[in-house]
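Visitor: Under the numbering used here, think of the first position of the sequence shown as 1, with each following residue one higher.
Treat the hints with care, as some may be off.
[Claimed, not checked] Computed beta-carbon distance windows for the label pairs:
no. : residue 1 : residue 2 : range
1   : Pro182    : Arg26     : 20 to 26 Å
2   : Arg162    : Asn78     : 33 to 39 Å
3   : Gly76     : Arg196    : 25 to 31 Å
4   : Gly76     : Pro185    : 21 to 27 Å
5   : Met198    : Arg155    : 15 to 21 Å
6   : Pro182    : Gln159    : 22 to 28 Å
7   : Asn37     : Pro182    : 28 to 34 Å
8   : Gly200    : Arg162    : 31 to 37 Å
9   : Arg9      : Ala124    : 31 to 37 Å
To be clear, the hints were calculated from the coordinates, so they are not data collected in a lab. Quick caveat: nothing in here was measured; it's all calculated off a predicted structure. A virtual CB, placed ideally from N, CA and C, is assigned to each residue, including glycine.
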Amino acid sequence: MRRSIEDLRTFYGEPAGTLARRLLARRLEDAWGEATNSDVLGIGYATPWLDAFVGARRVVAAMPGGQGVEPWPSVGRNRTVLVDERRLPFAAGSFDRILLIHALEEADDAAGLLQEAVRALSPAGRIILVAAARGGMWSRVEATPFGHGRPFTRRQLEQLVRGAGLEPTAWSQTLYVPPWGPLLPFADGFEQVGRRLMPGGAGVILLEATRRAYARVHPGSAVAASTVLNPGFAPHPASRNRRGGT
């Protein structure tokens with residue numbers, strides 16, 4: 001069962017949620033910047049980060065039915081839609097950038113949800129999966145939305161995207177600080193030390209992937225294999241040979 005929209009909104013109004021929002025925003029900016037002239041889709045609960053894509057041509061937030069939906073943005077025309085995660089209401093190839101966050105961990109069928117996201121991805125598009133890390137503290141604390149559902153290792157995310165016809169191109173991690181109030185002010189220090197000394201201790205993994213081929217997209221169709229290189233989180237390229245979330 002997914003966390004409700006009320007639970008998610010409450011969390012991101014608290015100190016731990018504010019910190020998570022800031023640190024994840026830093027990683028997304030490293031990867032995509034403002035996504036200028038791109039059509040951007042957020043799946044799950046992505047609205048805390050979608051405002052950053054000020055240069056995008058179009059931004060849409062798709063929220064799963066089990067979670068609920070909230071109006072966004074606070075000013076102007078609403079750009080959120082309540083969706084069935086098994087059948088997204090978008091034409092094939094509609095989006096250049098797709099961000100999945102608070103989407104995979106509690107999905108009834110994570111592979112099926114990702115297949116639908118890939119169907120909506122343009123041939124040269126880029127997708128980022130953000131998921132709770134199995135080895136991190138945040139997946140063990142139920143007071144955060146990262147502590148619900150299934151956490152992932154890096155290898156599991158790579159297998160998931162390859163099964164959907166994508167190729168991992170880059171990855172990153174964040175939220176090394178334990179989700180305990182007294183330690184949150186020291187998060188930036190934990191980030192610096194964690195990347196060097198505790199690579200398996202991050203709370204969240206971000207994995208970017210692209211299509212393996214520039215191919216005509218048909219609803220529900222497979223994609224042929226021909227690698228497209230498009231690094232997003234340099235200097236951490238994805239690799240077939242490294243395991244886990246390190």
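Visitor: Go through the numbered hints given earlier and state which of them the structure violates, listing their numbers in rising order.
Guide: 3, 4, 6, 7 and 8
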